[in-house]
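Chains as they are written, first to last, in this note's numbering: chain A, 1 to 281; chain B, 1 to 213.
For the record, the hints were derived by calculation from the structure and aren't laboratory data. Just so you know, these numbers come straight off a predicted model, no measurement behind them. Treat the hints with care, as some may be off.
Quick list of in silico lysine-lysine cross-link-like pairs, PhoX-like style, CA-CA up to 25 Å [what the hints assert, rightly or not]:
{"no.": "1", "chain 1": "B", "residue 1": "LYS26", "chain 2": "B", "residue 2": "LYS62"}
{"no.": "2", "chain 1": "A", "residue 1": "LYS41", "chain 2": "B", "residue 2": "LYS26"}
{"no.": "3", "chain 1": "B", "residue 1": "LYS26", "chain 2": "A", "residue 2": "LYS90"}
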Amino acid sequence: MKNIRIIPRLDIKGPDLVKGIHLEGLRVLGQPEDFAEYYYKIGADELIYIDVVASLYGRNSLIDIISKTARKIFIPMTVGGGLRALDDIKNVLRAGADKVALNTAAITNPEIIKEASKKFGSSTIVVSIEAIKQPDGRYFAFVENARGQTGIEVLSWAKKVEELGAGEILFTSVDREGTGLGYDIELTKKVAESVSIPVIANGGAGNLEDLEKIIKEGKADAVAIASMLHYDFIKNNLSQRDSSEGNTEFLKSGKTFSKIKTAGVSEIKEYLAKNGINCRK
Amino acid sequence: MKNNKKVAIIDYGMGNLFSVKLACEKVGFDSLITNDKPEILQADALILPGVGAFGDAMNALKKMDLAETIKEFIKSGKPFLGICLGMQLLMSESEEFGMHKGLDIIKGKVVKFSNKNEKVPQVGWNKIIKAKDWGNGLLKNVLNNEYMYFVHSFYCQPVEKEIILSKTNYAKIDYCSSFQKENIFACQFHPEKSGEKGLIIYENLANLCQKKN
Chain A
1 MKNIRIIPRL
11 DIKGPDLVKG
21 IHLEGLRVLG
31 QPEDFAEYYY
41 KIGADELIYI
51 DVVASLYGRN
61 SLIDIISKTA
71 RKIFIPMTVG
81 GGLRALDDIK
91 NVLRAGADKV
101 ALNTAAITNP
111 EIIKEASKKF
121 GSSTIVVSIE
131 AIKQPDGRYF
141 AFVENARGQT
151 GIEVLSWAKK
161 VEELGAGEIL
171 FTSVDREGTG
181 LGYDIELTKK
191 VAESVSIPVI
201 ANGGAGNLED
211 LEKIIKEGKA
221 DAVAIASMLH
231 YDFIKNNLSQ
241 RDSSEGNTEF
251 LKSGKTFSKI
261 KTAGVSEIKE
271 YLAKNGINCR
281 K
Chain B
1 MKNNKKVAII
11 DYGMGNLFSV
21 KLACEKVGFD
31 SLITNDKPEI
41 LQADALILPG
51 VGAFGDAMNA
61 LKKMDLAETI
71 KEFIKSGKPF
81 LGICLGMQLL
91 MSESEEFGMH
101 KGLDIIKGKV
111 VKFSNKNEKV
121 PQVGWNKIIK
131 AKDWGNGLLK
141 NVLNNEYMYF
151 VHSFYCQPVE
161 KEIILSKTNY
171 AKIDYCSSFQ
181 KENIFACQFH
191 PEKSGEKGLI
201 IYENLANLCQ
211 KKN
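Pulled out of the complex, with its shape left as it was, chain A reads as follows:
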């Protein structure tokens, strides 16, 4: 049986690690480098960095964060947010990323998936699909970090990106993202069963049971986790450096987010192993 990957997801705004709800209302949590190195040390299987304000222009802070961490972290690192052209992909790979996550660029110009997978290898190209449920029950893919409607139906898009050469799908339920209400199991299962490439479930993990369900029932090949891990890190690393700007009030208040039951990587893996799910130890 395959081993399920546990992947911390780091949302980046400028130099800061942030976390929002439904990808909005961003709160500053700290320095991404600190979180990334900690997750590497405690056994994370990969890392995902997403520039959530899609401000990837030349050597911006995300490139700097990747360059700094790539010399210390030797697990796969996926980088996304604002990558528009083959040169953008080349630049983040040169900074030390192993894979890139494409969303807006892929929808605007699906051929980029084909070109990028040919140039850099399919295994380097992750297509990020951000799904929002519509009043009529259909699910549409969104762009610009869930700010832009596309009218493209999620399942047909998933199949299409596989055809075009994507190596993996990062599947986000925007409705659940940051809520701690659990992943969208039904939709993730449909996506996972409609493609043969791995699907990374993202958005909504609030507790250990949610992780177990999205793997067993949702058929996810990997899980991306943000809040559960980030707030666990903050609890265990009280001497956080002050972040210079942004919305830090939440962090200073010392509150945790009530829907989220925090857990560390090893606690997650032990729980999953006890419930019959294989993970790297």
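Once you've looked at the hints, dock chain B against the given chain A.
Structure of chain B alone, referenced to chain A:
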């Protein structure tokens, strides 16, 4: 401590070489991403990395006159490491999208996972299981059943079973995940993406260079 050993990482346009370079530098190598024949032949160790399609890769190697350069380097007796597609290219032939001839340095075929119940490619961590004693080669100090990071749809079937160092189980088969024949070492997994345990392999590569002098 810098050992100032030089490793050449072959650049033939297939995939991302920077992770390999960073891992080499982490263990103290001076590393060079290159397709220049003299630079390759002067290096203390040679790495053939790569992701992508077998046929494209072979065409690129031939076009850039690298196939012969690799064989010449291997004859020198200095350590050689093939990673992922770089392992598969050493074989006689691959069934990837029709039959393609490989470098034919190691006799055997490259075949695809055929189990319908598992996702192909395999993406993620899996165990490497001892097929024989790892001795003083590149897997020295790596534990039996250690997890390494894999991304692949095809795997190698060497004719000489005795060169197989480790096997890995996926899609209901035990396949060859690393082999060593004299100074030729190859692994299907990515040691540069396999955490501190993977870096041991790069350290061993650096140490093998030192012993030569």
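Starting from LYS41/A, check that the Cα of LYS26/B is at most 25 Å away, please. Between LYS41/A and LYS26/B the Cα gap is close to 16 Å, so the pair holds against 25 Å.
LYS26/B and LYS90/A: Cα distance at most 25 Å? Holds, because 22 Å separates the two Cα atoms, which is no more than 25 Å.
Hint check: LYS26/B vs LYS62/B, CA-CA at most 25 Å. Holds or violated? Violated, at roughly 31 Å.
Violated hint: 1 only; the structure is consistent with all others.
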